[in-house]
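2 protein chains.
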Amino acid sequence: MITLPDTASPLYEKVKDYILTNIGTGKWSKDRKLPSENELVASLGVSRMTVHRALRELTAAGFLTRLQGVGTFIAPPRPQSALIEINNIAAEIVKRGNRHRSEVLVLETIMPTKELALSFEFPKRVSIHHSVVVNFENDLPVQLEERFVNPTLIPDYDKQDFSKTATYDYLMQKTPVTEVEHIISAIPADAETARHLGIDVGACCLFLHRRTWTGAVVATISRLTYAGSRYSLGSRYSPSKNS
Amino acid sequence: MITLPDTASPLYEKVKDYILTNIGTGKWSKDRKLPSENELVASLGVSRMTVHRALRELTAAGFLTRLQGVGTFIAPPRPQSALIEINNIAAEIVKRGNRHRSEVLVLETIMPTKELALSFEFPKRVSIHHSVVVNFENDLPVQLEERFVNPTLIPDYDKQDFSKTATYDYLMQKTPVTEVEHIISAIPADAETARHLGIDVGACCLFLHRRTWTGAVVATISRLTYAGSRYSLGSRYSPSKNS
DNA sequence: TCGGACAAAAAGTATATACATGTATGTATG
DNA sequence: CATACATACATGTATATACTTTTTGTCCGA
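Chains A and B supply the protein sequences, listed in that same order. The first sequence begins at 1 in my numbering and counts up one residue at a time. The second sequence begins at 1 in my numbering and counts up one residue at a time.
No lab work stands behind these hints, which were simulated from the structure alone. Take every hint as true, because none was put in to throw you off.
Computed cross-link-like contacts, DSBU-like style, restricted to lysine-lysine with a CA-CA straight-line distance of at most 35 Å:
1) Lys14(A) - Lys16(B)
2) Lys95(A) - Lys114(B)
3) Lys95(B) - Lys33(B)
4) Lys33(B) - Lys14(A)
5) Lys95(B) - Lys114(A)
Please take these sequences and the hints and turn them into a complete structure.
Laid out in structure tokens, this is it:
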């Protein structure tokens, strides 16, 4: 019998978190069937209607697919909103018909600064994964990408070869994103950024700060710097697609 | 006792249809409270859980708003996505507890350049409205706002006093937006921009190009320039809280 | 071996019931 | 008159129960 956390939220939300966490950590693998409603009833000690509501809402939100008479499965990566998509730079470059290449500058596990630990909403100091990658479009550097990754959710992040797999693709494959925060600003390039992007110090850069959540847990924090002269973020959105 | 149609769909879907129909035909007026769950139970002859599910799903879809202890109401037009909201600068400034003020530099009707006419997807050259406004936060200029407006949709745009009403509010009130396109980039300030925003020539600016559609028609084209040092665009999005 | 009957399993729907929580309002009490 | 309390009513949550619908696998007989 698993005991759900004793927080001040409805039971069905706790069940949803429990399911998302099990998906996020890979405990429930992508290709196998999830426990049935009755199995969850037995293991969590809640009523079937509550489990059913949690599963129904996760299905409506696009995380799961369900087949009557068969079972519940993890949904294939959903068609992402423009807002989420905006930093899958590798895909964008390829889509434009250009060649994408990455150069990994840093890949390590570090103790976060106090400020960073605060952003992760950690109760205490634990080490986190850290990567710095430069993304090239036809051998021209366009984006400097710094990421901090929660090792609880993605323990092997620091053992990947990100010159082969884009960090974005790896992360999306490893953990579902339930919430995203973006802050976009324009800043002048500092010396290090300028060197890596091959631009002048003080040149205009687009700076994107991004946090993603998996359930209630901050999964990643990214700081993406684009050479202003070589890149712009685009999106098109149509509100008229509702249920 | 009202009898629901005898179609081959779940009961809670019939209840949803019944409610939407009553809203759509205006039988339940926009400003009055909808029947309570128990009243619907009595009038439709179904269980409260079924009514509750119908109402909950319509609320999740954005049609209704509910207040515990008060009642169920028809939701205001369309809760706008963060992406659409990002350039209602007046509201943002006020929300931060600061004072907003506008200064209208230009308000005219002009013949568009060939490029602009192309962006509007006009078959032939027609005149369009044009405005340039500076937005101040506590007397500090933060945004230079240039708009081109389709006079077919909003004929009186050039006769408004935009130091009283924000252009954004006026436009949102006049025409519904069915689609939005954003392109965000970082550019150095040119001489004129620098003068209006009170920053140095060449200073980093966030530049937002925005097109909105009403149906198949381009309604507005906006070019928004933010002083990079004084502003950043933020958004937070959670996929599980809509659709 | 093929095919149908049957059973088991899984999600889908519907109801009755209970209690929790938030809001508005009337009423008694100081 | 104002405050506190009681009450009614609204939505929100949780459970137990029952039945339906769909799929899948199995067993048995022709």
